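Line order of the protein sequences matches chains A and B.
The first sequence begins at 0 in numbering that gives the first Met the number 0 and counts up by one.
The second sequence begins at 0 in numbering that gives the first Met the number 0 and counts up by one.
Keep in mind the hints are simulated off the structure, nothing from the lab.
Careful: at least some of the hints might be erroneous.
Heads up, incomplete: computed chain A residues facing chain B, CB under 8 Å, no partners named [what the hints assert, rightly or not]: (1) E103; (2) F106; (3) R146; (4) T217; (5) P221; (6) P223.
Being a predicted model, the structure only gives us computed values, none of them experimental.
C-beta atoms are modelled at their ideal positions from N, C-alpha and C, and glycine is treated no differently.
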Amino acid sequence: MAGVHVRNVSKSFAHGGSIVEILRNVSISVGEGEFVSLVGRSGCGKTTLLRIIGGFVHADAGSVLVDEAPVRGPGSDRGMLFQQPMLFPWLTVLDNTLFGPRAEGSFTPGTRARALELLGIVGLAGFEFHYPKQLSGGMMHRAAFARAMMVDPEILLMDEPFGALDALTRTGMQQFLLDLWERRRFTVVLVTHDVEEAVLLSDRVAVMASQPGELVETIPIPLPRPRTYEVSESTDFVDLKRRVRQAVEHARGGAAIVGAGRAAAPY
Amino acid sequence: METQQKKFAMTGPEGTLDERSPAAPSGASSPPSRHAVRPDTRHSALRDGLLALDWSRIGMGLIGVLCIIVGWWLAALVISDNVILPSPVATARTLLHYLTRPYPARGETLLGDTAMSLARILAGFAWGALVGVILGALMSALRPLRLIVDPLIELGRPLPPLAFIPLLIVWFGIGELPKIVLIGLGVIPIMVVSVVAALDAVPEEYIEAARSLGASPRYALLHVRVRAALPGVITGLRLAMGISWTSIVAVEMIAATSGLGYVILEASNYLVTTLIFSGIVLIAAVALILDGLLRLVRRLAAPMG
Ligand SMILES: Nc1ncnc2c1ncn2[C@@H]1O[C@H](COP(=O)(O)OP(=O)(O)O)[C@@H](O)[C@H]1O
Ligand SMILES: [Mg+2]
Numbered sequence: 000m001a002g003v004h005v006r007n008v009s010k011s012f013a014h015g016g017s018i019v020e021i022l023r024n025v026s027i028s029v030g031e032g033e034f035v036s037l038v039g040r041s042g043c044g045k046t047t048l049l050r051i052i053g054g055f056v057h058a059d060a061g062s063v064l065v066d067e068a069p070v071r072g073p074g075s076d077r078g079m080l081f082q083q084p085m086l087f088p089w090l091t092v093l094d095n096t097l098f099g100p101r102a103e104g105s106f107t108p109g110t111r112a113r114a115l116e117l118l119g120i121v122g123l124a125g126f127e128f129h130y131p132k133q134l135s136g137g138m139m140h141r142a143a144f145a146r147a148m149m150v151d152p153e154i155l156l157m158d159e160p161f162g163a164l165d166a167l168t169r170t171g172m173q174q175f176l177l178d179l180w181e182r183r184r185f186t187v188v189l190v191t192h193d194v195e196e197a198v199l200l201s202d203r204v205a206v207m208a209s210q211p212g213e214l215v216e217t218i219p220i221p222l223p224r225p226r227t228y229e230v231s232e233s234t235d236f237v238d239l240k241r242r243v244r245q246a247v248e249h250a251r252g253g254a255a256i257v258g259a260g261r262a263a264a265p266y
Numbered sequence: 000m001e002t003q004q005k006k007f008a009m010t011g012p013e014g015t016l017d018e019r020s021p022a023a024p025s026g027a028s029s030p031p032s033r034h035a036v037r038p039d040t041r042h043s044a045l046r047d048g049l050l051a052l053d054w055s056r057i058g059m060g061l062i063g064v065l066c067i068i069v070g071w072w073l074a075a076l077v078i079s080d081n082v083i084l085p086s087p088v089a090t091a092r093t094l095l096h097y098l099t100r101p102y103p104a105r106g107e108t109l110l111g112d113t114a115m116s117l118a119r120i121l122a123g124f125a126w127g128a129l130v131g132v133i134l135g136a137l138m139s140a141l142r143p144l145r146l147i148v149d150p151l152i153e154l155g156r157p158l159p160p161l162a163f164i165p166l167l168i169v170w171f172g173i174g175e176l177p178k179i180v181l182i183g184l185g186v187i188p189i190m191v192v193s194v195v196a197a198l199d200a201v202p203e204e205y206i207e208a209a210r211s212l213g214a215s216p217r218y219a220l221l222h223v224r225v226r227a228a229l230p231g232v233i234t235g236l237r238l239a240m241g242i243s244w245t246s247i248v249a250v251e252m253i254a255a256t257s258g259l260g261y262v263i264l265e266a267s268n269y270l271v272t273t274l275i276f277s278g279i280v281l282i283a284a285v286a287l288i289l290d291g292l293l294r295l296v297r298r299l300a301a302p303m304g
């Protein structure tokens, strides 16, 4: 297991002839086995920061250390999960799960058995030979988790992974993630704009301001673990949720949601 | 690995919302039963492809063909002139007769002419598709190349390949070469456009997912980007095959002494209408078979559509 250290990361993009500063001097450390969420209004640079940690975007300045080593590109130590499950439609659920070992060349006689076991754990026993299109949204996400877990990532980077699911399925997936994390204790950086989700899942919630994206506050979530959805009815939970929501709203750029509306968005 | 398995062994699905339960929202959640793959069977792409053939649709298609034949037959009865409109029966008789027997004026069977046209199509289609796929792939990867070639394709696309026949005859004579060149020229722009579109349409997240699963850039390119583009490329091949038939029949009517296009032209010179229809029916049949093969390949490349 490894921690993530983001140090003074800045990033600008060329946007229609001008240069737009997206991230300014962002620093955050996520400890080994810690679950941290990034929240902030749309367009504040959450995805960009996650993609820098993932090694898909290079920071203009600053560095990202994973397990003390600087990130130079993508790697199987950092699993990625997106809003869409991004299963390969031409592969069965089992073959999707086996993609990582095959790509890495780490396929051994025991790999297949491990994949089947993993699919059982995520509740997809009996669906190994189905194609992604034959699964529901939640099942696809669980298959995507199984696929990511097959290469034993130490860190999971998730970009609004449940954002496109209906409320009931989302609740199920949140509980699923809590259970999985409880057993595996991988390091998690979760991007979400769902404050409730951030509080339910995280050890800490990092709040970002926009234009440029800056980290303004990190709020610890000292709710007892292991957690279930019931914790969301406690007064502690409600208080924490209010605190995070206020932090998001008071962060620079947040007021614009109420005031100037969409006009303030960078688009 | 050892400890990993132990950790997983401890984990159970308890607490997860089982979406197969009635509480889960329906709609997208239940797999379409017609395409359902029995979970206990091993996956076989070919069998899945054949199972996915939509027999009821094929049946409806046959009804349409039958209606055309009946209409044709009734019209032939009313007109009752074998030169203007021979009956389907008379056509079938001519077709079957000359399928394997040489036509008196020519010394070639219909089967031989069909094989001739097919060979030209396959040769022209093969080189055109090869060039088109390579050019399209390079254009998708190299932006400057795309900027140079795109306008050329846009300029060339509205021009019917047939406009080039006289030029090709001047350049390459009336042998096989101009015909094969012409077919390829029709295929290239279609393949370039569909290959570029298919590669562009591959979501970047597929590549990122693959890379974070340990794939090298090369592995992700071949096993994800190219693979994901495959169904779109095969659809392009189907369109290109259609254009190939247009080209070959036209060029065989203008500058050939064999092939189905030539048979049709000759038959009209001698007013043997049954033979004209025989040629048309043969073109339709062979084109249908080739398209069916490409559709089967596409089904294998994109299971579940
Ligand atoms: N590759 C890129 N090129 C140009 N602009 C980009 C690129 N990626 C992101 N941006 C811009 O950066 C801003 C932040 O985007 P993003 O990180 O996706 O925000 P969030 O995930 O918080 O909604 C947006 O205004 C977006 O337009
Ligand atoms: Mg985002």
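Hints, one by one, checked against the model:
no.: 1; hint: E103; verdict: 4 Å, holds
no.: 2; hint: F106; verdict: 11 Å, violated
no.: 3; hint: R146; verdict: 7 Å, holds
no.: 4; hint: T217; verdict: 25 Å, violated
no.: 5; hint: P221; verdict: 22 Å, violated
no.: 6; hint: P223; verdict: 16 Å, violated
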